[in-house]
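In the UniProt record's numbering, the protein residues as written are 1 to 272.
Bear in mind the hints are in silico, worked out from the structure with no lab data behind them.
Owing to the predicted nature of the structure, the values given are computational and were not obtained by experimental measurement.
It is possible that some hints are incorrect.
Said to hold, decoys possible - Straight-line Cα separation of at most 27 angstroms, BS3-like style, residue types lysine-lysine; simulated pairs:
1. Lys134 x Lys222
2. Lys134 x Lys78
3. Lys27 x Lys78
4. Lys214 x Lys240
5. Lys222 x Lys240
6. Lys214 x Lys263
7. Lys240 x Lys152
8. Lys199 x Lys78
Claimed, not checked - Ranges of calculated distance between the beta carbons of each label pair, as one might list FRET restraints:
9. Phe176 x Met252: 33 to 39 angstroms
10. Leu201 x Lys152: 22 to 28 angstroms
11. Gly194 x Cys23: 51 to 57 angstroms
Backbone N, C-alpha and C fix where the C-beta goes; we use that ideal spot for every residue, glycine too.
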Amino acid sequence: MPPMKNSSVKRPKLDWRFLQRFCHILKILFPSWNNQSVRMFLTLLGVVLSVQLVIYQVGLIPSQFYEVLSEKNYGEFKNLVLFAVMLILINSTFKSLDQYISSLLYVSWRKSLTEEHSTYFKGRVYYTLNVLCKDIDNPDQRISQDVERLCKQMSTMVSRLLISPFTVTYYTYQCFNSAGWIGFVSIFGYFVAGTIINKILIGPTVSMLVEQEKLEGDFRFKHMQIRVNPESAAFYRAGKVEHMRTDRRLQMLLSTQRSLMNKELWLYSKES
Numbered sequence: 001m002p003p004m005k006n007s008s009v010k011r012p013k014l015d016w017r018f019l020q021r022f023c024h025i026l027k028i029l030f031p032s033w034n035n036q037s038v039r040m041f042l043t044l045l046g047v048v049l050s051v052q053l054v055i056y057q058v059g060l061i062p063s064q065f066y067e068v069l070s071e072k073n074y075g076e077f078k079n080l081v082l083f084a085v086m087l088i089l090i091n092s093t094f095k096s097l098d099q100y101i102s103s104l105l106y107v108s109w110r111k112s113l114t115e116e117h118s119t120y121f122k123g124r125v126y127y128t129l130n131v132l133c134k135d136i137d138n139p140d141q142r143i144s145q146d147v148e149r150l151c152k153q154m155s156t157m158v159s160r161l162l163i164s165p166f167t168v169t170y171y172t173y174q175c176f177n178s179a180g181w182i183g184f185v186s187i188f189g190y191f192v193a194g195t196i197i198n199k200i201l202i203g204p205t206v207s208m209l210v211e212q213e214k215l216e217g218d219f220r221f222k223h224m225q226i227r228v229n230p231e232s233a234a235f236y237r238a239g240k241v242e243h244m245r246t247d248r249r250l251q252m253l254l255s256t257q258r259s260l261m262n263k264e265l266w267l268y269s270k271e272s
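Model the full assembly from the supplied sequences, consistent with the hints where possible.
And the structure:
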């Protein structure tokens, strides 16, 4: 019997090849130190650090209110209220700047990555990928939709990634001072255990998500065929046949989405 096609298909995973490709993407997003994206990135770092400093000051306000109210000091109470309102306004301003700069980064990153499609139009690569080589499904979706999603997710995560090393270092220091080495080992042991469990659960989920995106592209492409060739379909009276083919792709897509939701259920239960 001939070997099954699925046996040669590699499951998407976090490996050295993934890291190489991600580093190549980063070189495109940050081509030089004086690039606009680098400047926005550094500005965003300053903003998120300022947000954390303001949040720390806001956390000290309630205890000060208790002290002022217990002493019934109206003058200090009024000053404290004005100070709290000022911190809230500064906090909201910094958070708005955080979202605004992240959105600008999204647009800049999408522009840089999408403009790399110039390679797609050179040397008839578009013909090779769409006709001769089937290793990459739906190249149009990869260039348009997948790039958009990648840049959107990265712009959403970037502020959290920037502040994470500082918050982890600070709270590790505080935990070590308050609970000693037992607290230090406990929190990092919990982190390592959670990472291992996530790796086990996310692996099959990622593969299913990739399959769903492939079927999304196939379903969209089928509708695009009808849109591009309506006269030919009408001439051959192919409405019923095309309806059956399109509906079959829809059912495959929905079945994969249900399977993906079942796998994501375990991830949601772990997070809760």
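Status of the hints after comparison with the structure:
1. Lys134 x Lys222: 17 angstroms, holds
2. Lys134 x Lys78: Cα-Cα ~70 angstroms, so violated.
3. Lys27 x Lys78: Given that 27 angstroms is the threshold and the Cα spacing comes to 52 angstroms, the pair is violated.
4. Lys214 x Lys240: 24 angstroms, holds
5. Lys222 x Lys240: Measuring from Cα to Cα gives roughly 14 angstroms; hence the hint holds.
6. Lys214 x Lys263: Holds - the C-alpha atoms of Lys263 and Lys214 are around 18 angstroms apart, at most 27 angstroms.
7. Lys240 x Lys152: Violated. Lys240 to Lys152 sits at ~39 angstroms, over the 27 angstroms cutoff.
8. Lys199 x Lys78: 52 angstroms, violated
9. Phe176 x Met252: 33 to 39 angstroms: The hinted range 33 to 39 angstroms is violated for Phe176 and Met252, with Cβ atoms some 53 angstroms apart.
10. Leu201 x Lys152: 22 to 28 angstroms: 24 angstroms, holds
11. Gly194 x Cys23: 51 to 57 angstroms: 26 angstroms Cβ-Cβ, so the 51 to 57 angstroms window is violated.
Checked against the numbered hints given earlier, the structure breaks hints 2, 3, 7, 8, 9, 11 and satisfies all the rest.
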